[in-house]
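Let the hints inform the model, and build the full structure from the sequences given.
Protein chains in written order, with my numbering: chain P, 169 to 314; chain W, 169 to 314.
No wet-lab data here; the hints were simulated from the structure.
This one's a predicted model, so the numbers in the text were calculated from it and none came from an experiment.
Any given hint could be a false lead.
What the hints assert, rightly or not - As a list, the in silico DSBU-like pairs of lysine-lysine whose alpha-carbon atoms are at most 30 Å apart:
id, chain 1, residue 1, chain 2, residue 2
1, W, LYS248, W, LYS200
2, W, LYS248, W, LYS258
3, P, LYS297, W, LYS297
4, W, LYS297, P, LYS311
5, W, LYS200, P, LYS311
Number of protein chains: 2
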Amino acid sequence: MKRNDYHLDDSLGYKLFQASRLMNSRLNRNFKDNDFNLSYEQWQVLSRLFDEDGQTQNQLAIRNERDQAGISRLIDNLIKRNLVRRVPQKDDRRVNLIYLTEETKAVQHELEALATMTINQASMNIDPKELEITLRILDQIRKNLE
Amino acid sequence: MKRNDYHLDDSLGYKLFQASRLMNSRLNRNFKDNDFNLSYEQWQVLSRLFDEDGQTQNQLAIRNERDQAGISRLIDNLIKRNLVRRVPQKDDRRVNLIYLTEETKAVQHELEALATMTINQASMNIDPKELEITLRILDQIRKNLE
DNA sequence: GGAAAATACTTGTTGATACAAGTATTTTTT
DNA sequence: AAAAAATACTTGTATCAACAAGTATTTTCC
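Here's what the structure looks like:
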């Protein structure tokens, strides 16, 4: 009589899934409470552009580890909200360059502060050394699965 | 001249997001390679039913920390694939009880083995003590954000 | 120079999430 | 017993994900 030894609640996958989902929804809530209605995915794209404005969709896809189709539609939505512009490249008309709007540049620091705040909220009551270990292990998990 | 000190790649949220996404897609691939085409979310539901067959949709929603609308549609999809049955409760006609089909019961151990394998793949080259710490920190993050 | 391959992006489909609103049924209240 | 509240579930809408297929443009190769 062998007992089933798999328990969803105790599994690495489930814990990662829930922690990730909660972080995203908390970030979204923090944005919303400050009148920025931004999804986590949109934030990822903006954040890349804060690092370097005027990237191609392909670069954004690679850096955010997503497929181009997803980026394409994410950018459609960011454009609808006037958060970025899509500018065809002169010398290679296959390529679009994505630029932040002035409106978005103006709120960069506010958005980053909200992202940092979210991480602080998630990290409460956690020993900094153990948090360090966790970040390292998350990197290793990523390496293992890539 | 204060430099921007937020970096997406180094953030807890991003690392959690990527690790979680990779685990889910690896699980999905492992299922697919063995001719089970199951999403992670569907697996979550089945896994709850393996623990206890015949739960209400509400119970499944609470246990998987999802809203009822999501569970409702997940179950629609599981029914399409003949993986579960939806049975209205006699004495309270608001309630549906969800049961595994025989087909699904027959593959429980195989599915659980694939889930365990996925976790093992993700945990390669990780010190068990550090993995323990990570699991505990993930729980704490969840507590912090709930 | 022209065919073939590669590159960048878009569109379609299916499944999932979050939120809001709706229906049906049961329980509580008066 | 009827009205109001609560409960369980479904449906609608918008956004995102993963995969496949399609279009346009540029590069490579003969």
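Structure-based check of all given hints:
no. : hint                 : in the structure
1   : W:LYS248 to W:LYS200 : holds (18 Å)
2   : W:LYS248 to W:LYS258 : holds (23 Å)
3   : P:LYS297 to W:LYS297 : holds (14 Å)
4   : W:LYS297 to P:LYS311 : holds (19 Å)
5   : W:LYS200 to P:LYS311 : holds (21 Å)
Hint check: no violations occur; every hint is consistent with the structure.
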